[in-house]
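Protein sequences appear in the order of chains A and B. Counting from 1, one number per residue, gives the positions in the first sequence under the UniProt record's numbering. Counting from 1, one number per residue, gives the positions in the second sequence under the UniProt record's numbering.
Just so you know, these hints were derived from the structure itself, not from any lab. There may be inaccurate statements among the hints.
[As the list claims (entries may be wrong)] Simulated DEER-style distance windows between Cβ atoms:
| id | chain 1 | residue 1 | chain 2 | residue 2 | range |
| --- | --- | --- | --- | --- | --- |
| 1 | B | T360 | A | P93 | 52 to 60 angstroms |
| 2 | A | P93 | B | V27 | 13 to 21 angstroms |
| 3 | A | E8 | B | Y605 | 48 to 56 angstroms |
| 4 | B | H74 | A | E8 | 36 to 44 angstroms |
| 5 | A | G94 | B | Y82 | 31 to 39 angstroms |
[Claimed, not checked] Using 16 angstroms as the maximum straight-line C-alpha spacing, the simulated EDC-like pairs for lysine to aspartate or glutamate come out as follows:
| id | chain 1 | residue 1 | chain 2 | residue 2 |
| --- | --- | --- | --- | --- |
| 6 | B | K43 | A | D36 |
| 7 | B | K35 | A | E4 |
| 8 | A | K5 | A | D36 |
| 9 | B | K35 | A | D36 |
| 10 | B | K43 | A | E38 |
| 11 | A | K99 | B | E31 |
| 12 | A | K99 | B | E28 |
| 13 | A | K5 | B | E31 |
| 14 | B | K35 | A | E2 |
| 15 | A | K5 | B | E28 |
| 16 | B | K35 | A | E38 |
| 17 | B | K695 | B | E663 |
| 18 | B | K43 | A | E8 |
| 19 | B | K35 | A | E8 |
| 20 | B | K340 | B | D696 |
| 21 | A | K99 | B | D24 |
| 22 | B | K43 | A | E4 |
Using N, Cα and C, we set each Cβ at its ideal position, and we do this for glycine too.
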Amino acid sequence: MESEKAVEYLNGLIGRTLRIHATDGRMFVGLFKCTDAERNIILANSFEYRLPTTSAIHEAAAKETESWDKTEPKAATVKVNMSSRLIGLIVIPGRHITKIELE
Amino acid sequence: MLPNNEVRVPPRRVLVQEKAVPRDITVEFTEAASKLRTGQLVKDETFTLFEAVGALEIMDSKMDSGYIAPGENHAQALEDNYDVRRHLTPEQVVGLMDQLLCHEMAWHMGHPLSQTLFTSIYIDKLLWPVPRTIEDARSDRVPSEYPLVGLVLRTYCLALVKACDFVHARVASEYFYEEEDFVTQLYNRNLLSTFDSSHFYRLLDQAVDWVDAQEGIEQKLRDAIRSRLLLRREFLAAVDQDLEILDTRSTDSFVLCLTYLKTLTETTSLGNALPEAFSLKLQRKLASTVPPRPIVHIKQEDALAHMKRLCQDAIDMQQMLDYRGPSNFKTAVWTLLSRKPQPSVYIRSLLQALIVSDMTILGAVSVRQFLYDDLAELVLPSSILLRANTDEVELPSDPRFRIAQIMEGFVKRFAQPYVDTVRSACLNRCRVRRTICHTVIDWDNLQMEAEELDLQLQNLSAEPALQFQGGEATFSYPLSSWAYHQKLIQLRLILQMGFELSVYAPEELPGIYWYLSHICSTHLSHLDRIRTFTVAARKRDLESSNNNGETSAHKSPAYHRSFLYLERLTTHIIAIDAFAIALHALYVLLARHQILPSAAGPDAYSSDKLRYELRMKPFIPISLPELVPFEEYQREATLEGDTDATILDRASKAITEARKAWEATLANGAFVEDISSPMKEPSIAIEEDWRRDIKDTMRACIGASIAIETVKKALLGDSPASEKVPLNLQVVIPVIGSKTQWHDWWIVPQISEKKAAKAATS
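Looking at chain A on its own, in the form it has when it is part of the complex:
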């Protein structure tokens, strides 16, 4: 990709919602505002998503088991929502980014 094209491509993403996965397993979803050569990314109005904690999974599993008809086999998976919270304007350093998704 030529430099001009690269800028054009990135400019096209400005203002769109990105999902950025970080090295520690968290995901950030927010409006793409800015980036640079180091792939540092600034997101506005972002939410932090975190995999549910073990206890939350246990709890959900326990509930699932309770409601489950004892005669039927247990489900192999339980659905637990990721916990999220608003954290606003953030910058994610390029070196901590594992994956970038466009919504």
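We have chain A; now place chain B onto it with these hints.
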């Protein structure tokens, strides 16, 4: 800049996997980014570098509240192992309750919830996940087997959060400064606002009953827990029905709070603290656009003192709810809000709501009436202008019809700014001064508008002109006179609050006290003018009633009150004026002999002229009174051409006059007594505050006269100082809040003979 408060109404985002499948663009993105030059940015056009600085850096432990250090156990980092269903001893329950109260008060004092109450694991689990029913609202979602936890502590937490809900709602609905006074941020939590208070009272009663029946718990501990629960109930009731005081005049709940607070204070030592029930980790779960911040710990006694003051202020507030005329009302509001320490933000918000809501003062007097009363008190004791609209004249040719119309326009324009002058006292002290600096400019314009109305009214009311001695004939201009009076008060407050807020450097004191006396003398001549016209109007009234045979007796009380009010005002301003003249003279001498400390170093860029420009900024746009030009100010403020002896004489005379005038002010009392209406219950506490304020001023007067005497002795004593021999005096300017500073508005220098120098000469 992206608003910080967007967190308050977070857009509900739901991750719906099915709706839009996200596309992985890692490779393209990375490649594109790598083509950028170092330092080159691709950014939103409207996005500025300035904003970028405010972004929280993810994976930085200082900035990222969700950061978990590499070694940390992931599960533990997010959730505490603390078991909210665990057994607690009564001592621990007492300790926890007291810790929670500390956090609640820290929040009242202005710290965010994320650093106070929301660090409590009990509170966190109570509010998240959001409880749908009151039965669900418990930290131990599966009820603890120990009633002391499952009932008593739970109820305590519930009532506490609900009280916070009311306080939050009250503050957020009035004027306050976010982060300066209070942090309204709730981090996407809800303070149980959906639940009716009746649930909480019921639970509190249950909990108290249960505690009463526990013979197994030691009596003193039972009492300790009991009083804490009762405090919660009364405090909840107090903030729940805070506006109802207008109807009930009852302060019972706050009074009971004080009673229980007393028991509570005596039993704090019984509690065992439980620091593990609080955790900073909880910030990782809060919707927050700020970096992680430490838990705020305030001292137990500070928390109790804060709550006690809050209750006492609320109780005393009740004394100003009976409307007894505008000047009394304003004095009461100002006195209450000038308390040190200043009443808490909750009290100040509550007071705003009581002072005026729905264009009604104290829930009883219309804003129009309030404005008219004030006009009557100051400039129009008995005038057709104030009566015109009550005469219900419908004949357009009748001047009264036009007068009523003009007065209607006046009310529409002036009511809000006027009420705001009273209300703005509810802001924090720095903001009070700042707000006045802004509003005084509005009042300058208002005065001009009032002048135009005055001209129109003059013709309609056929007001005869007055001949001043040797001057031209002139008219009373009642509305603009009144507006000018308001403005002069504000100009004076800007200066006086400047002392209170330690705005001025020592070297500025001579000049500022001169300016204060300048404003006062302008104000005094203005009051004289008003009085002259009121006297003339009274005379006309008496003459016309003699001619027509009708009685003017019914107008007497209004005139009486107005003359009384003018007299009181004059005395008060003379007192301020004289004291300012005395301090001015004293400071001029200190400056002249170079013993006045200076904040600016010898190489400082600042100069007297620059400083004057800076200080007088609020005065520059004012058309009347005009800003004194620097050269004239310089001459006047340094008393150029006067000898030391003349200045000393001036200081001594002025301070003597000041002491007399302050005594007279004190004797006049805080409030204008209404002779026509029967004596109402006196406002004891507020009046006491007012008297203390005046007495402190009088002590400052005495301090000043001693200082003047000391300087006199040094100047005119046995070995008079000359150009070569500097004055053997040491001058200390007391700081605000120190014991030697008797009154915030009167900075009296501490002057003493230099000990070391004396020893050397003898």
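Taking the hints in turn, this is what the structure says about them:
no.	hint	result
1	T360/B <-> P93/A: 52 to 60 angstroms	57 angstroms, holds
2	P93/A <-> V27/B: 13 to 21 angstroms	19 angstroms, holds
3	E8/A <-> Y605/B: 48 to 56 angstroms	51 angstroms, holds
4	H74/B <-> E8/A: 36 to 44 angstroms	40 angstroms, holds
5	G94/A <-> Y82/B: 31 to 39 angstroms	37 angstroms, holds
6	K43/B <-> D36/A	9 angstroms, holds
7	K35/B <-> E4/A	9 angstroms, holds
8	K5/A <-> D36/A	15 angstroms, holds
9	K35/B <-> D36/A	9 angstroms, holds
10	K43/B <-> E38/A	14 angstroms, holds
11	K99/A <-> E31/B	13 angstroms, holds
12	K99/A <-> E28/B	11 angstroms, holds
13	K5/A <-> E31/B	11 angstroms, holds
14	K35/B <-> E2/A	7 angstroms, holds
15	K5/A <-> E28/B	11 angstroms, holds
16	K35/B <-> E38/A	10 angstroms, holds
17	K695/B <-> E663/B	9 angstroms, holds
18	K43/B <-> E8/A	11 angstroms, holds
19	K35/B <-> E8/A	11 angstroms, holds
20	K340/B <-> D696/B	13 angstroms, holds
21	K99/A <-> D24/B	7 angstroms, holds
22	K43/B <-> E4/A	14 angstroms, holds
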